[in-house]
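Let the hints inform the model, and build the full structure from the sequences given.
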Amino acid sequence: MNEPTLPLALAQRFAALVPHMRELGLRLLRVEREFAEAALPLRPEFLGDRERGLVHTGVVTSLIDSVCGFAVHARIGGLVTIATLDLRVDYLRPVRPPQALICRAECYRLTARIAFARAAVWQEDPGAPVATSLATFMHATRSMHEETP
Amino acid sequence: MTLAEARRAVRDGGDFGALLAFVPYAEWLGLRLHQRDAQAPVLRLPYREALVGNPRLPALHGGVVAGFMESAALLQLLLVLEQDRVPKSIDFSIDYLRSARPEDSYAACELTRLGRRVAQVQVRCWQSEATKPVALARAHFLLAPEANATAEHLQA
Chain U
471 MNEPTLPLAL AQRFAALVPH MRELGLRLLR VEREFAEAAL PLRPEFLGDR
521 ERGLVHTGVV TSLIDSVCGF AVHARIGGLV TIATLDLRVD YLRPVRPPQA
571 LICRAECYRL TARIAFARAA VWQEDPGAPV ATSLATFMHA TRSMHEETP
Chain W
223 MTLAEARRAV RDGGDFGALL AFVPYAEWLG LRLHQRDAQA PVLRLPYREA
273 LVGNPRLPAL HGGVVAGFME SAALLQLLLV LEQDRVPKSI DFSIDYLRSA
323 RPEDSYAACE LTRLGRRVAQ VQVRCWQSEA TKPVALARAH FLLAPEANAT
373 AEHLQA
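Heads up: the sequence lines are chains U and W, in that order.
Okay, so the first sequence: first residue is 471 according to the numbering used here, each after it adds one.
Okay, so the second sequence: first residue is 223 according to the numbering used here, each after it adds one.
Keep in mind the hints are simulated off the structure, nothing from the lab.
A virtual CB, placed ideally from N, CA and C, is assigned to each residue, including glycine.
Any given hint could turn out to be false.
Some but not every residue of chain U turned toward chain W, in silico, with C-beta under 10 Å [claimed, not checked]:
#1 Q482
#2 L487
#3 M491
#4 G518
#5 D519
#6 L524
#7 T554
#8 L557
#9 D560
#10 Y561
#11 A582
#12 R583
#13 R588
#14 A590
Non-contacting residues of chain W with respect to chain U, defined by C-beta distances greater than 12 Å in every case (computed) [claimed, not checked]:
#15 G235
#16 G236
#17 A260
#18 A262
#19 S315
#20 D326
#21 T334
#22 E351
#23 K354
Written out as structure tokens, the structure reads:
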């Protein structure tokens with residue numbers, strides 16, 4: 471079970487080919503069957519409130535969407551085409567630079583067509599998340615038969 | 223330039239960039255004011271390759287669409303309310319209806335709830351066909367109480 475179903479190096483090569491992940495500077499740290507984890511170093515252009523020096527929530531949302539996608543890929547065991555159906559994010563704490571954001575996402579339920587994922591984002595302390603999220607994806611895996619529709 | 227000055231400038235037909243400068247991320251994404259309307263402005267996100275999330279389809283990154291809509295909601299609040307500070311996001315929820323193609327995107331917002339402390343904004347995002355939205359979203363924001371804003375202004 472601890473054996474990754476999607477090699478980290480392959481996932482990292484994939485991330486490097488996605489223009490917006492490259493633009494954000496997303497760094498995949500771990501891809502296991504149970505979860506995916508990535509870091510996002512913060513930059514001045516990520517601020518959403520220049521005067522108070524707070525990071526924009528759109529940066530957090532982009533990170534979550536990306537890492538949830540990798541969690542789904544990891545659970546499926548391949549880089550299939552997926553599409554986000556919906557995503558909800560709760561912004562629990564403001565994000566202040568410089569500490570990088572860490573996002574951990576898990577796909578906690580996979581059916582023949584749908585993947586359910588949840589994610590948490592933190593800076594220093596995983597016990598004090600800055601955001602938590604739920605997301606639902608469609609996936610184009612035809613060989614999955616975990617559930618008969 | 224203060225937020226109030228930037229807001230006044232945009233309302234008077236001046237440079238939208240003055241307001242955008244308070245939200246660096248929206249500036250970084252490349253947001254533009256497409257349709258000047260005091261209550262319901264339309265914002266535009268010009269396409270560029272760096273916004274792509276799926277190079278095979280190709281499609282814009284889901285996070286780009288979300289970030290664009292969150293930025294649109296925030297800028298709408300900055301434009302229509304008299305806030306002296308940028309409101310804080312409480313939560314955000316988005317439904318993706320179609321994949322966003324590699325082309326310009328537009329967003330329009332509706333201020334669906336305006337309380338003393340909390341505002342809710344609903345956002346619609348579309349591309350070439352306004353009747354076929356690519357995503358719908360809503361966001362809650364925490365507003366700065368006016369009393370505090372005044373007090374801080376007096377201290378300044």
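Evaluated hints:
{"no.": "1", "hint": "Q482", "verdict": "16 Å, violated"}
{"no.": "2", "hint": "L487", "verdict": "6 Å, holds"}
{"no.": "3", "hint": "M491", "verdict": "7 Å, holds"}
{"no.": "4", "hint": "G518", "verdict": "5 Å, holds"}
{"no.": "5", "hint": "D519", "verdict": "4 Å, holds"}
{"no.": "6", "hint": "L524", "verdict": "8 Å, holds"}
{"no.": "7", "hint": "T554", "verdict": "4 Å, holds"}
{"no.": "8", "hint": "L557", "verdict": "5 Å, holds"}
{"no.": "9", "hint": "D560", "verdict": "5 Å, holds"}
{"no.": "10", "hint": "Y561", "verdict": "5 Å, holds"}
{"no.": "11", "hint": "A582", "verdict": "20 Å, violated"}
{"no.": "12", "hint": "R583", "verdict": "15 Å, violated"}
{"no.": "13", "hint": "R588", "verdict": "14 Å, violated"}
{"no.": "14", "hint": "A590", "verdict": "15 Å, violated"}
{"no.": "15", "hint": "G235", "verdict": "23 Å, holds"}
{"no.": "16", "hint": "G236", "verdict": "19 Å, holds"}
{"no.": "17", "hint": "A260", "verdict": "24 Å, holds"}
{"no.": "18", "hint": "A262", "verdict": "21 Å, holds"}
{"no.": "19", "hint": "S315", "verdict": "4 Å, violated"}
{"no.": "20", "hint": "D326", "verdict": "16 Å, holds"}
{"no.": "21", "hint": "T334", "verdict": "17 Å, holds"}
{"no.": "22", "hint": "E351", "verdict": "19 Å, holds"}
{"no.": "23", "hint": "K354", "verdict": "16 Å, holds"}
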